[in-house]
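Novice: Listed below are the residues making up each chain.
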Amino acid sequence: MSELPDETSLWREIFGRNEFDDRIDTQSDITNLDAFRLLGRCVMLIAEVRGLFAAKFVLQLGLVFPVLLLPWMAKIVVDNVILAQPFGTTEVLYPPFMNPILALVQGREPMDIMLILTTIYFVMLVTIGSRFGGTGASLLDGRDAATQSENATSQGGSEGGSFWGVLEFMVNVRMTQTLANRIRSRLFDRLSRLPMTALDDQRIGDSVYRVLYDAPSAPRLAFDLTFAPFFAALSALLNLYILQYSYGDVAPELIWIAWATVPVAFLTTFPFSGALRRTNQNKRAAGSATTNVMEESISNIAAVQSLGASKQERERFAERSETAFQRERYAIGVIIAASLLNGAALGVAGIYVTILFTDQIIAGSMSPGDFAVIMGVFYGISWPAAYFGAIWIKLQEAVASVRRVFFFIDYDVSEDCGGELKLTGVSSGIRFDGVGFNYPDGHTALRDISLSLEVGQLVALVGPTGAGKTTLAYMVPALLHPSSGRVEIDDVNLREFDIDSVRQQITYVFQEHILLSETIRENLLLANPDATESEMMSALRTAGCMDFVTSLSEGIDTVLGRGGDTLSVGQQQRLCIARGLVRDSSVLILDEPTAALDPQTENQLVASLQAAAANRLVIVIAHRLSTIRHADRIVFLEDGMVRDLGDHETLMASDGPYREFVELQTGEDQ
Amino acid sequence: MQDLSIFESSDWQGDGMSPPTMTGRKMLRLSLRTWPYMRPMLPHLMVLLAFAFSGALGGMLTWFIGTDLFTNKVLLGQKLQPLQAVVLFLPEEYVVENVGLSDTSELSDEHGSESQDIPTEGQPLSPAGAKGKGKGVGKGEVQDLGDYKPELTDEQRRSVRNRLLIWSVIGGSIMTVVFSVFWYYTTWIWQSINQNLRVAMVERAESLSLRYHDSARVGDAIFRVYQDSAMIINLLQSGIIAPFWALFGIVMGLVIVAAFDPWFSLMVIVVAVPVVWLIVAATPRIRRRALANREANSDLTSRTQEVFAAIKVVKANRAEARVFDRFTYDSAKALDAAYYLRLDVVILTAIVTFLGGSLFLLTEYIMVAWIRVERETFLGAAFAFIIGFTIWNFGALQIARGRVEDLVWGARGMVGIWMRVQDLFVALERAFHLLDIEPEVIEPEDPIPFPKQIDSVTWRDVTFGYKADQQVLSDISLTAQPGTVTAIVGSTGSGKSTLMSLLLRIYDPDSGVVAVNDVNLKDMATDDIRANVSIALQKNVLFNDTVTNNIAFGSAITDQSAIEAAAKISQADGFITEMVKGYQTELGERGGKLSAGQRQRLSIARAVVRDTAILILDEPTASLDARTEQEVLRNLAEWGHDRVIFLITHRLSTIRQADQIALIEDGRVAEIGTHDELMGKDARYAAFVNAEAAGVPS
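Residue numbers (this note's numbering), protein chains in the order written: chain V, 172 to 841; chain R, 387 to 1084.
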């Protein structure tokens, strides 16, 4: 739970690093160097969409040049049509690219000139949508990062319109989407492969948030970095050239001012970098925390209602949602401050330029028509300048969320990877050789376990709660790796096998009954996608499910409620066992399979397991005597060590901990 | 991973569905439903509206005057209108003479500017027009090129400019600061409104019956609460204000353009007809795509949540690759939906732009032609005191052309607004759908308080089924007295847990009555009931929180000693204090850091700490070993000796000691009595006991 200390000042809340629900991703500060590295990685992502990127680049580039014509054509309209002056009456020179048009219109009557210009305008309108350019479609969104992510994922547009604009739009949107798709899929994949020890600390809501709401920042970063600066720079350079060419002699100061706006814009926004990143990280972490609560409450709604906690959970949600909104506002506040400074600097430049050129017009060295050109040119320069400033702001925002994405993409899952060997079957058995295990928080679960379990046996792992039974069992399908010692399958170190193949041959049925909200058939197929109808039926029968499955109206195609809640706990347990059985693997591990079963069902199950153990290794974790006494071998664990080993009769004959354990159970039944 | 194509979609089904209907009445109804969430912020909204309105109006006025001042007066050197001189604090000599009288003046050969050889300004107006309100004088006279004489001296023009700039700076700075404050302010307002709706939705979601939740995906609720509810903040702005404002702008534009010349207005209207028709025709399609977009993204959210919730099973079954495929499929579907929705909007906008743009170019041409012949504007004379647009001049062109341009942009904007509004209402409908679902368990108008002293807990002829065709409980009757332990036994799926959930009023019985002290539970508030009946669930659900908070979950208990006492009873205190952070240890997602036995003991502590008169224990010791189980049960017996305790279990040792045992079979109480009585009957219970005993050696 996030508990900010009472003495937190507002300053710290806004600009400091706030604690939320993250337990794995705790170092969230980003230095400027980190920021550049992240930006670099995002730029490299462009290589994955080279084709679309090239197309977008060409299309956007193509629009730059026609736009340059417009202010000059406007000048002609004012000077030579409305004011009807002949050409060449001012000192201002038309840039060379205007020559073809000038050739067409020079020497004609004003209205003829207008007709020609209008025709040109029309052609430009139809092809590239000039004068009414801009193609884009974004949906309305909300006032927080999560609700803005849909637009971010499908971002794209064009400066132009009509055919050109629509084409560029299509290319751009697909490009953004493709990149967003790849990143979020990659992140999803990584998160789904986190090692078991990390899964406890990683919140489901946080995973959802990162995949769906943080990932779209990556393409944004990739394109904002390459496109915008490039075209901004290009526009700036072109307009500077025009200024120089046409107005260089008349107003050289304009040139200097124009050059100066760019670094000024950057300087006014750079100091805000750290604050921008911090506030953004905080706002996203707060959003994750809100998602965590929502996800947890609704997933466990039965418990929430039964325990009378609806009001409490609602208040917890309201509090977190409010916090998320608040952090969003803080982020906006910083952006406003940075933008204000940026705008003020450019405003000053704009005023100076206005004074400059109105002086020229009043003095007569420029025409009113030049006003249109100047405005166009100055806009062409100050827009990139403002953009460079604004870019830096946007980048910091995006960097914070991209870091959250790459954190898990980079997360070390080598624990989960194995070797190259493929396991095709277990023929002799599993051996534990001096195995010990410590949890990351220091708790020692197992000490120096040495055991040999053979195929063809039904083994029971028994012991008081917290003895380490589940921990030991997790090691067999390599869900956990020993901290010391080794686990061997058929005399080969488990580490040398490819983990996928290991889990193919070793089935683990968990203590917690996790079922997907799909049909029973699909739940079974998740375990074994190649299972035939008869295999599924036989597994269901063995697990004792047939009675309730046949009573369901759609039988095996019944859709289970969310989390399998349409069934009683005992039915869920049997279904999970059936899911394990349908895999038909060499090793079958069942963790407390009979906890929720009544005695009759339990007896049937145990009998089936005995039969199954004929040519497999079946390991059962239990502490009900009725389950364990039929095992071929009983391993009694206590405090992480093997205290007793043997079958039931042998152990009862000796005077060990197992006997004591049994007598406790049976003693009360006399 | 499949690639997204520009031209095709992958397995696109969006076109198959019928478009959601959205009549005007429905839109109105949805808009009205948002009222309760907006009402708390009403004063702030009024401030916002007032500011926006006055700002826009003031902005337009300033723009008009400023344009005239800048283009005609500074750039071209004409004299000021009287009011303009007042605003700029300039003396009489700046003002145009003979306001209201027509005058002829000769074309002057003098150049107005000093130092230039080349005449730089052409003459946009006739000389009479330069004086302001000449009525038609100079009409028909062709301009003499190159003879333009600015009326103001250079000094004067500079002074006009400087004052104009000073005003701009002052105005600009003030507006910037005000704008920034309002940016923050509006964000706060909209967020508050959104928050109101979100909380209401979560509250509703949490009170809905489990039957609803069973068939609803978690991601769907998350999506509705996040994405769909967010649209409420856009309702006022984009759903009401923006279309209204756009319409207002269009009307104003038409009026102003008509003031210049009514023919233009007519042309605009002629072009507007096909535009409007297009928009209307495309609307159902847009709605369909908007809905498909939302549903696809909701599905993706659900898929993501479900995989992460079931991640252990995914790992153990090496199904990572398969769930990955499903994810990418859902992801591509969502992206396609987003793409096609936007593409439709973009194409429509392009068509509208083409129509409007062509109109614009035509009017521009005509206007320029009229400037050349100095045609009179329609209503220009009426406003000459403040604006100098009696006949067509450069300034008039700027304004009139600007208005037509705005009309075209306005039309484009309307397309966008209209389309977004469709999406908005689709979203609002989805959001309110959640609020429309009635919870099954209805709170009574005047709840009777839960009795302090319990005399009896009764189920009387209760029938219940989750689905209509499947009864779980049939005419079941059971009574328990305080100070007794009632053991409920039966095979799995026989309805034991369901029976207990009726006592918590998770469901109401289909028929029959569940009562405490003969007061029907339906007459009591659910919160009250659940505060007085504690349960240790069969599925030991723990939350990612500290041990203390988990034990206190759902109760308002903050007393640490009470919590620790409860933990001692459930034999949990031992392992808790052994942990490094003790009671402040965080338990991990779904309580994953504890073993099953430890979780179970925490669940028991949670039930015990509430100190209620009625206690339900559902398989409380299934995961405990024999010794721990014995200790826990002994503690519970001591602690619970005045209470009504229901115990669902298979453990014979525990059952034997119960005060009454109810054997449930086929949804009924098959047998009831003490252990000895039932063994004496030698019927089902005896069979049950023998089966259990068969597993136990003598």
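Among the hints, a few may not be true.
[Said to hold, decoys possible] As a list, the in silico BS3-like pairs of lysine-lysine whose alpha-carbon atoms are at most 25 Å apart:
| hint | chain 1 | residue 1 | chain 2 | residue 2 |
| --- | --- | --- | --- | --- |
| 1 | R | Lys698 | V | Lys482 |
| 2 | R | Lys954 | R | Lys908 |
| 3 | R | Lys838 | V | Lys482 |
| 4 | R | Lys967 | V | Lys482 |
| 5 | R | Lys954 | R | Lys853 |
| 6 | R | Lys698 | R | Lys925 |
| 7 | R | Lys925 | R | Lys838 |
| 8 | R | Lys908 | R | Lys853 |
| 9 | R | Lys967 | V | Lys593 |
| 10 | R | Lys838 | R | Lys853 |
If you are wondering where the hints come from, they were derived from the structure by calculation, not from laboratory data.
A quick note: this is a predicted structure, and the numbers were derived from the prediction, not measured.
Novice: Each of the hints needs a verdict: does it hold here or not?
Specialist: Hints, verified against the model:
Between R:Lys698 and V:Lys482 the alpha-carbon distance is near 31 Å, which puts this suggested pair outside the 25 Å criterion. Between R:Lys954 and R:Lys908 the alpha-carbon distance is near 35 Å, which puts this suggested pair outside the 25 Å criterion. A C-alpha spacing of about 22 Å is found between R:Lys838 and V:Lys482, which places the hinted pair at or below 25 Å, so the restraint holds. Simply put, R:Lys967 and V:Lys482 have alpha-carbon atoms about 28 Å apart, too far for the 25 Å limit, and the pair is violated.
For the proposed pair R:Lys954 and R:Lys853, the alpha carbon gap of about 41 Å is over 25 Å, so the pair is violated. As the CA atoms of R:Lys698 and R:Lys925 are separated by approximately 17 Å, the hinted pair is consistent with the 25 Å bound. Restraint check: the Cα-Cα separation between R:Lys925 and R:Lys838 comes to about 29 Å, which exceeds 25 Å; the hinted pair is violated. For a cut-off of 25 Å, the pair hint linking R:Lys908 to R:Lys853 stands: about 21 Å separates their Cα positions.
Annotation: proposed proximity of R:Lys967 to V:Lys593 is violated, straight-line Cα distance about 42 Å (limit 25 Å). Under the criterion of a C-alpha separation no larger than 25 Å, the hint pairing R:Lys838 with R:Lys853 is inconsistent with the structure, at around 35 Å.
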